[in-house]
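J.: The lines below spell out each chain.
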Amino acid sequence: MKKTVTLLLGILMLTLACGTALAEPYPLDVIIAEYGPNTREWFLGAADGMGNGKNFVQAFEEANPDVKLNLEVVSWNDLATVVATRIQEQNAPDILNIDTFAQYHADGLLLPASDYISDELMADFFPSFIEQSTVDGVCWAVPDLASARALYYNKAILDEVGVEVPVTWAELEDVCDAIVEFYDGEIYPWGVDMTTDEGQAAFAYYSWTNNGGFVDVEGNWTLNSDANVEAVEFAVGLVNKGYTNPNPATQTRYDLQDMFAAGKLAMLIAPNQLPTIVKNSGNIIDYGLASIPHNEGASTASAGVMDRIMAFRDDAADQVARNAAIAAFCEFFYDPANYVGWVTMEDFLPAVNSAVEAMVAADPGFQAWLDVLAGSQFYPTAKGEWADVKVGVIQVEQNALSGGDVRALLDELQTKIAGA
Amino acid sequence: MNSILVRHKWEPYVWLLPSLLLMVIFVVFPIIVVFSLSLSHISNAGVVGEFIGLKNFAAAVTNPAFPTVMANTGIWVVAVVGLSTLLGFIVAMALNANFFGRKIVRAVVVFPWATALVVQASIWNYIIKYEYGNLNNILLNLGIITNPINWRISYQIEFMWECGVGIFVTIPFVAFTCLAGLQSIDAVNYEAATVDGAGFWKKLRHVTIPLLRPSLTISTVLNIIYVFNSFPIVYTITKGAPAHKTDTMVTFLYMLAYAEQEMGAATALSVIGFLILAVVAGAYMMISMRKEEAR
Numbered sequence: 001m002k003k004t005v006t007l008l009l010g011i012l013m014l015t016l017a018c019g020t021a022l023a024e025p026y027p028l029d030v031i032i033a034e035y036g037p038n039t040r041e042w043f044l045g046a047a048d049g050m051g052n053g054k055n056f057v058q059a060f061e062e063a064n065p066d067v068k069l070n071l072e073v074v075s076w077n078d079l080a081t082v083v084a085t086r087i088q089e090q091n092a093p094d095i096l097n098i099d100t101f102a103q104y105h106a107d108g109l110l111l112p113a114s115d116y117i118s119d120e121l122m123a124d125f126f127p128s129f130i131e132q133s134t135v136d137g138v139c140w141a142v143p144d145l146a147s148a149r150a151l152y153y154n155k156a157i158l159d160e161v162g163v164e165v166p167v168t169w170a171e172l173e174d175v176c177d178a179i180v181e182f183y184d185g186e187i188y189p190w191g192v193d194m195t196t197d198e199g200q201a202a203f204a205y206y207s208w209t210n211n212g213g214f215v216d217v218e219g220n221w222t223l224n225s226d227a228n229v230e231a232v233e234f235a236v237g238l239v240n241k242g243y244t245n246p247n248p249a250t251q252t253r254y255d256l257q258d259m260f261a262a263g264k265l266a267m268l269i270a271p272n273q274l275p276t277i278v279k280n281s282g283n284i285i286d287y288g289l290a291s292i293p294h295n296e297g298a299s300t301a302s303a304g305v306m307d308r309i310m311a312f313r314d315d316a317a318d319q320v321a322r323n324a325a326i327a328a329f330c331e332f333f334y335d336p337a338n339y340v341g342w343v344t345m346e347d348f349l350p351a352v353n354s355a356v357e358a359m360v361a362a363d364p365g366f367q368a369w370l371d372v373l374a375g376s377q378f379y380p381t382a383k384g385e386w387a388d389v390k391v392g393v394i395q396v397e398q399n400a401l402s403g404g405d406v407r408a409l410l411d412e413l414q415t416k417i418a419g420a
Numbered sequence: 001m002n003s004i005l006v007r008h009k010w011e012p013y014v015w016l017l018p019s020l021l022l023m024v025i026f027v028v029f030p031i032i033v034v035f036s037l038s039l040s041h042i043s044n045a046g047v048v049g050e051f052i053g054l055k056n057f058a059a060a061v062t063n064p065a066f067p068t069v070m071a072n073t074g075i076w077v078v079a080v081v082g083l084s085t086l087l088g089f090i091v092a093m094a095l096n097a098n099f100f101g102r103k104i105v106r107a108v109v110v111f112p113w114a115t116a117l118v119v120q121a122s123i124w125n126y127i128i129k130y131e132y133g134n135l136n137n138i139l140l141n142l143g144i145i146t147n148p149i150n151w152r153i154s155y156q157i158e159f160m161w162e163c164g165v166g167i168f169v170t171i172p173f174v175a176f177t178c179l180a181g182l183q184s185i186d187a188v189n190y191e192a193a194t195v196d197g198a199g200f201w202k203k204l205r206h207v208t209i210p211l212l213r214p215s216l217t218i219s220t221v222l223n224i225i226y227v228f229n230s231f232p233i234v235y236t237i238t239k240g241a242p243a244h245k246t247d248t249m250v251t252f253l254y255m256l257a258y259a260e261q262e263m264g265a266a267t268a269l270s271v272i273g274f275l276i277l278a279v280v281a282g283a284y285m286m287i288s289m290r291k292e293e294a295r
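Each protein sequence line maps, in turn, to chains X and D. Reminder that position 49 of the first sequence reads as 49 in the working numbering, one-by-one numbering, no gaps. Reminder that position 232 of the second sequence reads as 232 in the working numbering, one-by-one numbering, no gaps.
This is chain X alone, in the form it adopts within the complex (with noise of 0.2 Å):
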């Protein structure tokens, strides 16, 4: 009798750690890019972070009772240094929420996209987005989000000038001229930002527009081509002859953009979000919308850019599991209902067809945007060497700031990048 008992509680303590253990969700470690003040709010926030009374991790966890997400929104600035650090200590998060991909890629640390991502949503994406993370047939992340560039003008400074919105890198030099001459410098006529927080930015708007780029069209490096060389000899030559903010080095976008709000800058070239930027400084400013100006004989160029979503490799026992609960995080995050407001909130443009009807149905001027974006050209982030490239042309932009020889440090440049 006494052995029948003990056996049957022992039956009963098992069936309940069994239960125990099948009914614990499946832990689902995520970092999230903090884009802007809303997206804590919108992932973490006390209450209706997604305006339908949850934040996201709430709205998620319901839909999913068996994953159990950790998120953490991290700032731009930490991003890099947290993820480095989680990686040394052989603690990568799950899901990973930042711009570039190539450098883990390299160290073999991610889940290939097809491991976690339906094909139905895979088929959702920008095709010219997918193609942007794709190494040797192989997608590795996902994009998230984007952004375009285009230039902003002043009206009201153009009109009280009396000239016309540049097209041309002649018009362009024209206008900064006159502008520098009917203001006696006390507005400046174009925004420059050469610093390390975007400064290949600037690369790539003077070189698109004047038929170079960072690589040609089978990728290899070009990075000290006659049209990059004058491209970035154009951009310091405007800088040197006084039609720019005058520290391009040290002087941000946000800096050029609260320039730009305050009625102090007459264009810039900028995101889409600089419209919200300029009405929250609560300033009136009566702005246009153009193409970037190109050199004659060569064509406009919108600069896009675009944030990813990519899971890393893990020695979990149940890699199934595992695969299981990162898909459940991507079909959600990316479900319309969801995914339209992760994007709106911080005024950036999709990265999947489903979301793009509801967005202009929403603010017809959205499509506008969508036209841009989908001119647009990409930095070659799926390339191994983009981040010492990165780092490499702002280098070039600063030294050629103060002095120093565009030919020379480009040829540096390629050749330290490709050895040629």
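You may find that some hints are simply not true.
[Unchecked claim] Using 27 Å as the maximum straight-line C-alpha spacing, the simulated DSS-like pairs for lysine-lysine come out as follows:
1) D/55 with X/383
2) X/241 with D/129
3) X/416 with D/55
4) D/129 with X/264
5) D/55 with X/279
[What the hints assert, rightly or not] Covered stretches of chain D (in silico footprint by chain X; criterion: 3 or more residues with CB under 8 Å from a CB of chain X, positions within the stretch not fixed):
6) 37-50
7) 146-156
No lab work stands behind these hints, which were simulated from the structure alone. Glycine included, each C-beta is placed from N, C-alpha and C at the ideal position.
Once you have looked at the hints, place chain D on chain X.
T.: Just chain D now, with coordinates in the frame of chain X:
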């Protein structure tokens, strides 16, 4: 009797043990880790790989910016420590005098030191800003200038501003260290010097400075370490731009590690910095102490 001796022999070590443990965990262990990392390959993503000997050190010292950064670091340490010691000593002499409102002045002088460096640097960043800077606004309002001046017209000028801010925030530390030393000098020494016919300068040279040497030694050694390792001023004002031309060693290694993902070269550079600091501070301490013993 024996047990008392044994207890007394070990007692200091027992009391020191918590501090020693903390030092081992938070100082010695990280130093060992950094030395080990400096000899290892570290990928852009942060993965620590195989032993690569001195390749990280070669990458650090052959970086085109390295000579500029080392020169900047030398200028930065000598200018900030030297001038803040001189000015801090003068401030200490002034604060040691008996005048009305001395306590208030002392409290005011300590403000720059008591405020976080990053706050100080940000404030100075706004003061010298071309567009809406306080300095230009004040000068314009006073009618001293008619057009705003670009106080950051070149990177050399920007670096001078950084040194200036460094000196400004370091003066209070030197002043209060010296003030403590001045107040410990017995008035009898000055009375004796007066009887011997010594004037202000002779008293300064033969009484004040010799008796203040221990305080000056401590403040100088600590300042060399603080200033050499100072990060917020340069990072807040220029971030080393353009192209590392205003970087000091500490900001340079930070930019290498976190902006350029050259983690290996950055760890090598931090080892170089540690060794430089150990040699310089150690040498200064030894020279000063030897002089003291000789006295």
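J.: Now tell me, hint by hint, if it's right for this structure.
T.: Hint check:
Under the criterion of a C-alpha separation no larger than 27 Å, the hint pairing residue 55 of chain D with residue 383 of chain X is consistent with the structure, at around 24 Å. The hinted pair formed by residue 241 of chain X and residue 129 of chain D meets the criterion: a straight-line CA distance of about 21 Å does not exceed 27 Å. Between residue 416 of chain X and residue 55 of chain D the alpha-carbon distance is near 16 Å, which keeps this suggested pair within the 27 Å criterion. For the given pair, residue 129 of chain D sits about 14 Å from residue 264 of chain X by alpha-carbon distance, which is consistent with the 27 Å threshold.
Taken as a hint, the residue 55 of chain D and residue 279 of chain X pair is broken in the structure, with Cα atoms around 52 Å apart against an allowance of 27 Å. Counting residues of the stretch 37-50 of chain D whose beta carbon lies closer than 8 Å to any beta carbon of chain X gives 6, which meets the minimum of three for the stated coverage. For a cut-off of 8 Å, the count of residues in the stretch 146-156 of chain D with a CB near a CB of chain X stands at 6, and the three-residue condition holds.
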